[in-house]
Every structure is written in C-alpha cells, then in structure tokens.
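Protein chains: 2
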Amino acid sequence: MRRSRITPEREAELYAAVLDLLREVGYEALTMDAIAARTKSSKATLYRQWGSKPELIVRALRANKPVSIEDIDTGSLRGDLLESANRSDDCQMERDAALMRSLFHAIHENPELHQALRQLLIEPEITGLNELLRRAVERGEVAADNPALDYVIHMMVGGFVARDLIEDRTVDREFLRSYIDAVILPALGV
Amino acid sequence: MRRSRITPEREAELYAAVLDLLREVGYEALTMDAIAARTKSSKATLYRQWGSKPELIVRALRANKPVSIEDIDTGSLRGDLLESANRSDDCQMERDAALMRSLFHAIHENPELHQALRQLLIEPEITGLNELLRRAVERGEVAADNPALDYVIHMMVGGFVARDLIEDRTVDREFLRSYIDAVILPALGV
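Line by line, the protein sequences give chains A and B. Add 37 to a position in the first sequence, counting from 1, and you land on the number used in this note's numbering. Add 37 to a position in the second sequence, counting from 1, and you land on the number used in this note's numbering.
Calculated from the structure, these hints are not laboratory results. Among these hints, one or two may not hold up.
Same chains, same label: a pair holds when it works inside one copy or across any pair of copies.
What the hints assert, rightly or not - Below, computed lysine to any residue pairings styled on SDA-like, alpha-carbon distance capped at 25 Å:
#: 1; residue 1: 90; residue 2: 135
#: 2; residue 1: 80; residue 2: 47
#: 3; residue 1: 80; residue 2: 99
#: 4; residue 1: 90; residue 2: 205
#: 5; residue 1: 80; residue 2: 66
#: 6; residue 1: 90; residue 2: 48
#: 7; residue 1: 77; residue 2: 50
#: 8; residue 1: 90; residue 2: 203
Could you build the full structure based on these sequences and the hints that come with them?
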C-alpha cells in the first residue's frame, strides 16, 4: 500500500489544500513545489505517494464530493429545477466555478484529467438532470420529442460561464432562479 | 515610438505566433522564453518593445480581428441568427474556442487581460446580438418584455462551452443551427 503511512484525515486535508491552490493559480501554474510548501510535505513524499502532478490532482478531485441532485423529486419540473439551484449555496457555486476555470484549458491537453472532471463533476450533474427531465416527460409536462431536451445542460453551463465571463459575477441562487424561469422552462415549452 | 523598428508585417506575424502559442499551452504556462523561441526574437527585444507578458498578449489580442455580425439583416430573427452562425467557418470557431479556453482562468487574475478580451471578443458579439434582437422586437417577432432577451448571450456561450466540455467536440455550424432552432428561438417565443 503506497499510501499506508498517511491517515485519512491528513489525506483529506492535503487534497483540500491541493484544490484550493488549483483554484488560486490554475492547473498550468500549479507546481509540485507549491503543493509541497502549502501542504508542508516534502516533494519527495508527494512524488512517492502520487507519482505525478496530474495523478495527485485527479485523486484530489475524486476526494471532493459534488452536491447531488439525484434525489430531488418535488412533483414539477419547475420545482425540481429550482430545488437543484438551491442545493448548492452561493459559496459552493463560487468554489465549483473556480475549479472549472482552473482546469478548463488543461483538460484539453490531459485526457486523464478531463475524464476525472467529467466523471466527478459533469456526469453526476447530467444524470441528475436527465432524471428530472425524464419524469417531466412522463408527467406530460414536456413533449418527449422536444429538441431542447438534449440541450438543457448546455443552457445550464451557459448560465454559469457567461455570468462569469461577461458579467464578471459568479452565479448565485437568485440568478439561477430567474434564468430557469426566463430561459430553460420556456425553451422546454413549460 | 517604442515599436518603430518593427515593420507592420513583422508585428502581425509575431502577434499571430503569440496567439498560436497561447492556444497551445494556455496563459499560465506561456513564458517569454517560449515566445522568443517561437518568434525568433530575443527576450530583451520582447521586454523592450512590450514591457511584459500581459501587455504583449493584450496587444496580440487587439491585432486579432473578430468576425463581425453587426451588418447582418436578413429580415427575420431566425435568418439573422443562422446567418451569424455561418459567419465563422468551423476552423475559425475552433480557434476562437481555443483562445477562450487558454484565457479562461487567467482573466480572473488579470483585470487588464479580462478587459481586453471583453472589448475584443465579447462586446462586439453582444452589440451585434443586441442589434439583431432589437430589430426582432421592433418587427413584433419577440415581445419587448420577454425575459429571455437578457440571456441570449448566456445561451449562446453555453452552446460553445458545453459542447467543448461535455461532448468533447468543438462547436460547428451544424450544431449551432440546431441549437438555435431547439433552444434560442423557443426561449424567445419565436
């Protein structure tokens, strides 16, 4: 066991510090030296335990549990979407947005990293969203052949990114609520 | 004149090389050494002429003319949006997407860079889009108080980014056409 000498608490603490550093400086500028300094580890230990920077970051991402929306079921699509917007507090949204920003270029160069980000942050979101949408179709709220069904995730991502990029503000619950009512429900014909 | 010894052709060539390098490695990993090697300049020249990495990159961005959509006027909103999707070829879209990716984290740390990106790539897009939408409202195609009017740019950005992030494919004209019909026009009630 390579990691046997580290306690789970110490490991969790180290991963949290790695993600904080990643949000601050971005993937490309993040060095093993900086990680060693921030986590008060030796570089030799980091390399011995995790092998490389991408491996360490992938592990840190895997230890970072995303907010789940899969159990939401309020009985209406609008209720489900608004409830999913309420699941993360504004601070959590800012932290997730910073994580995405920090990795956005790097994932194109590093398939393993892209895969980890996809599995950990993107796929649970898509699975949860598809479940809400499936039920809305079942209840007859949305037509099964509505072409916007394939693009709900695109609209959602757009809300997050454009707010950041254009308005220079992070998404918060209030924005998400008005975006859901102005854009997502009308596109779905609700 | 600091730049008097460089011909305009040489300057344009250098800026193009800087942007290529930026797309390849991202802002954080882009060094003045790499720029010097790629452009066959000395680092001393680069610093003398441009002062710093952010200044050089801002200049290079300013030299990169975006595709304009301001003159589009087909007589219908659908026609205008589809025409604007046709303005860039698929290759240009990929290049713009790569540029956005490379700068996405850096602009949060560097207000001057954010301002340049905003002025050069984002604001012309928003101005052009708002003009198309203004005419659609004038023609009675879209209600003046439709709340989705404020979020068309968010939906558009979502199409670009989510395609990249989730589907691992770059936006192309075909995708944009179906996205416009499935999402943007229905959200606007068209």
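Going down the list of hints, with the structure as the test:
1. Both within a single protomer and between protomers do residue 90 and residue 135 lie at most 25 Å apart by alpha-carbon distance, with minima of 19 Å and 23 Å respectively.
2. Proximity of residue 80 to residue 47 under the C-alpha cut-off of 25 Å is restricted to the intra-copy arrangement: shortest distance 16 Å within a copy versus 44 Å between copies.
3. In this assembly of identical chains, the alpha carbons of residue 80 and residue 99 lie at most 25 Å apart only when taken from the same copy (21 Å versus 41 Å across copies).
4. With identical chains, the CA atoms of residue 90 and residue 205 are at most 25 Å apart between copies only, with a shortest distance of 23 Å across copies and 30 Å within one.
5. Taking the shortest alpha-carbon separations for residue 80 and residue 66, both the intra-copy value of 16 Å and the inter-copy value of 21 Å come in at or below 25 Å.
6. Taking the shortest alpha-carbon separations for residue 90 and residue 48, only the intra-copy value of 15 Å comes in at or below 25 Å, while the best inter-copy value is 37 Å.
7. Proximity of residue 77 and residue 50 under a CA criterion of 25 Å is satisfied intra-copy only: 11 Å inside one chain copy versus 45 Å between copies.
8. Only between protomers do residue 90 and residue 203 lie at most 25 Å apart by alpha-carbon distance; the minimum there is 23 Å, versus 32 Å within a single protomer.
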